[in-house]
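J.: Okay, here's what each chain looks like letter by letter:
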Amino acid sequence: MVSSDHLNLVYDIKLSSVGPGHVTGSDVVHEPSNMDLAMKLHYLRGVYFFSSEAVQGLTVYRIKEPMFTWLNHYYRTCGRFRRSNSGRPLIKCNDCGVRIIEAKCDKTIDEWLEMKDSSLTKLLVSNHIVGPELPFSPLVFLQVTSFKCGGMSLGLSWAHVLGDAFSASDFINMWGQAMANQLPQHPVDLPKSFSMLVKPANRSQLATDPLSIKRVDPVGDNWITANNCKMEPFSFHITATQLTQLQAKISGHKATPPFECLCTIFWQSIARVCSRHEPEIVTVCKNERGSRRTGTLSNSAQIISTVKADFSVKEAKPKDVAALLVEHAVDERGLIESAVERDGGVSDFIIYGANLTFVNLEEASFYGLELNGQKPVHVSYLIDGIGDEGVVLVAPPGPKDSGKDSSEGKIVTVILPEDQVMELKSELKREWSIA
Amino acid sequence: MPQASPELSSSVKLKYVKLGYQYLVNHILTLLLIPIMVGVLIEVFRLGPDEILNLWNSLHFDLVQILCSSFLIIFAATVYFMSKPRSIYLVDYACYKPPGMLRVPFATFMEHARLVLSSQPKSVEFQTRILERSGLGEETCLPLTIHYIPPRPTMEAARDEAQLVIFSAMDSLLNKTGLKPKDIDILIVNCSIFSPTPSLSAMVINKYKMRSNIKSFNLSGMGCSAGLISIDLARDLLQVHPNSNAIVVSTEIITPNCYQGNQRAMLVPNCLFRMGGAAILLTNRRWERRRAKYRLVHVVRTHKGADDKAYRCVMEEEDPEGKVGISLSKDLMVIAGEALKTNITTTGPLVLPASEQLLFLLTLIGRKIFKQNWKPYIPDFKLAFEHFCIHAGGRAVIDELQQNLQLSAEHVEASRMALHRFGNTSSSSLWYELSYIEAKGRMKKGDRIWQIAFGSGFKCNSAIWKCNRSIQPPTDGPWLDCIHRYPVHIPEVVKL
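Heads up: the protein sequence lines correspond to chains A and B, in order. For what it's worth, this note's numbering labels the leading residue of the first sequence as 1, then goes sequentially. For what it's worth, this note's numbering labels the leading residue of the second sequence as 436, then goes sequentially.
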């Protein structure tokens with residue numbers, strides 16, 4: 001909950017819609033793949049902060065005008081969900097549009113960032129969900145907030161059913177290109193369905209669900225799950241030097257990739273502070289290089305694997321945990337697709353937070369969105385609609401943060417039940433000097 | 436098939452009879468003149484050249500008589516030419532093409548309506564039904580302020596829209612014709628709902644720095660037929676002022692028109708009215724004849740305001756909650772039909788060929804004398820005109836006129852397609868339709884065009900033009916990027 005004096009921080013809210021400038025055509029339908037439907041209860045909330053130099057001279061009209069050409073490429077995001085006769089959701093590409101929110105804030109960008117309160121992000125990006133009326137629920141919300149210093153924040157609220165964080169990031173980056181008049185000439189042809197791209201690893205007739213997903217009670221047309229406890233996000237900035245030290249501490253002479261190092265650290269720390277039970281299984285999401293086409297939206301190009309620990313993680317040596325993460329991750333995408341397919345796409349699942357989930361967003365080009373040739377000063381992404389086990393996101397740092405050596409620092413965002421937050425923070429500080 | 440052929444042959448015979456009758460009556464003078472001339476020629480040949488010479492010499496002419504007769508002839512000719520009304524030419528016109536960013540797909544319109552009228556689901560349902568049957572397409576445009584939820588119509592936003600639409604159309608027209616703003620002698624702007632002070636015509640004069648002795652007029656409140664009223668006014672002024680240019684700007688500014696209540700009769704305009712505007716250059720300068728596109732032949736204005744029902748059928752008023760909107764009565768189509776009949780009664784004799792007028796007269800006399808239930812003869816206006824531009828007020832209007840005038844689908848194609856692509860742009864819709872016909876390359880020299888517009892009051896106005904030169908499909912204009920997609924089939928009900 002945002003406290004009452006914070007509610008007035010962002011004001012003068014105006015709503016409008018923006019759709020593709022060209023007619024998509026009547027009866028154009030997109031059928032989400034099984035992987036898309038597995039992700040439908042999740043939402044990405046990204047906020048991009050721009051300094052006043054980057055947005056000089058940008059009126060609302062100048063912001064909206066290129067959107068119409070940009071959305072010609074992404075007409076799918078402008079559609080609305082319907083249910084087919086079998087109950088399986090599909091997107092009718094009827095050009096209804098994305099929702100635009102205009103708002104003002106009386107603080108400067110620096111003052112806002114200094115507040116370091118991740119929960120305030122809710123004011124800068126819409127917390128929409130798809131539903132309760134599917135045909136009238138926009139899939140994407142964009143909030144443009146003007147700050148006192150002349151800077152601007154762009155809040156992207158994205159229904160995960162459209163695509164993963166990499167797709168969302170590419171989507172918004174193309175808007176930056178449209179602003180600079182650098183769009184590709186012809187709209188990228190978005191293929192009808194992605195379900196054939198990834199061959200299921202195991203076509204067995206198992207009736208049990210894979211470990212990475214959790215079947216939730218039917219939510220009907222209101223696409224969000226309720227958590228049993230309040231989830232709180234908080235972020236750490238890990239500099240490049242810190243990262244090298246941590247890598248050394250974990251694996252000694254063997255070089256463990258930075259992502260797996262951070263997963264090890266956080267897995268162990270959470271295992272130690274989690275009072276209810278120790279997380280034995282974690283889900284790891286990573287970008288699958290080479291399987292992503294530019295300009296396409298997909299959920300199938302993100303590898304979702306599970307790692308199961310036979311030993312107690314909180315007592316194990318870090319390098320054993322790291323080795324487990326690197327070598328024993330099992331790609332479960334095929335199983336997930338089969339599980340969704342079994343019910344004809346009608347059942348409701350969650351993936352993020354079904355187990356403690358680590359999402360590798362290092363390769364997402366969050367800072368690729370440029371306005372007036374300038375990168376954002378800060379970008380943060382959260383995932384909404386996650387399960388109670390929590391999520392850890394590893395994202396690239398801002399442009400100021402590149403380390404002197406070849407590796408970069410990272411921004412780690414943790415979303416956990418609020419009762420674990422304080423203990424985790426002290427554990428990380430004590431054991432790993434992360435603050 | 437043997438059964439069809441006797442009917443077929445009898446209808447074919449009837450067609451030939453009709454054709455023969457039309458040819459006979461329409462060319463009666465020629466047909467009478469020919470035997471007379473033949474008779475005279477035969478007589479001349481019979482008389483021989485000497486006899487004719489003797490006849491000529493026997494006529495005694497002296498100088499005074501010759502001078503007086505020639506003076507009389509010259510005087511009569513001068514009086515004739517001076518009293519002939521000046522020919523009014525339409526040099527060119529330009530229609531405003533709204534950018535793709537202002538377009539309103541059906542889905543967006545309905546979603547916004549649901550959000551704005553969230554407490555009135557029945558009103559939303561009603562608007563959905565109207566939109567499904569409206570005949571509009573997915574590319575019609577509304578101004579920027581109407582895209583907000585809820586819309587925020589302010590005076591400043593209305594002025595912005597007016598500037599956008601009017602200045603774009605004017606720039607395009609000045610570009611096309613090479614006209615300098617200082618050469619404009621008469622300026623008439625018509626916009627029904629939005630009437631600020633200073634007027635829209637003053638806004639145009641200010642923007643283009645026109646001359647201080649320009650004759651400017653601003654017509655407001657006159658509804659969708661105001662475009663033709665402006666043309667009529669321009670024509671009258673051009674009779675009085677020699678060697679002049681007149682610019683007519685016809686538009687309707689949608690921003691103040693946005694009704695935010697829930698009375699059904701007032702929600703219909705929200706579904707149909709869209710952004711649009713046109714600027715037209717008229718002149719009486721004789722040297723413009725070479726490049727002018729059309730010549731104005733007649734303007735016929737009919738006003739049914741004396742009838743209370745007609746007067747009230749399109750009414751701007753406040754609903755019980757105090758929100759202002761335009762209320763359309765249920766009798767609208769009936770009143771429109773009657774207004775059309777009155778207008779045709781005046782227009783018919785001006786344009787119909789003698790054959791049709793004779794038939795109509797005979798049927799009329801027959802009905803009066805014999806008091807039988809003869810069907811009233813509807814003159815075939817297709818003989819009088821090649822092209823029809825029916826104000827795209829809505830699908831019902833076009834259907835009604837198509838039925839009343841017995842027009843084919845091709846005759847009303849321009850109107851239907853303009854409604855589909857641009858929506859009801861009020862007074863400027865006639866110009867989008869004319870532009871469609873030109874874009875399709877159907878306009879040939881000598882073609883006659885009938886523009887019919889209906890408007891609040893209740894008025895039915897017609898303008899009749901004759902095409903001055905064959906017009907090549909233009910390389911600019913509002914239909915440039917989409918004409919290849921037209922005509923489209925417009926379903927009865929669009930499934931939303």
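Incorrect hints may appear among the rest.
What the hints assert, rightly or not - If you want a taste of the chain A side facing chain B, the calculated C-beta under 7 angstroms gives, among others:
1. Ser16
2. Asp106
3. Phe136
To be clear, the hints were calculated from the coordinates, so they are not data collected in a lab. All residues carry an ideal CB built from backbone N, CA and C; glycine is no exception.
J.: Give a verdict on every hint.
T.: Hint-by-hint comparison with the structure:
Nearest Cβ of chain B to the Cβ of Ser16(A): about 5 angstroms, under the 7 angstroms cut. The hint holds. Violation of the interface hint for Asp106(A) is found here, the shortest Cβ-Cβ separation to chain B being roughly 22 angstroms, above the 7 angstroms cut-off. Of the supplied interface hints, the one on Phe136(A) holds, with its beta-carbon coming within about 5 angstroms of a beta-carbon of chain B, less than 7 angstroms.
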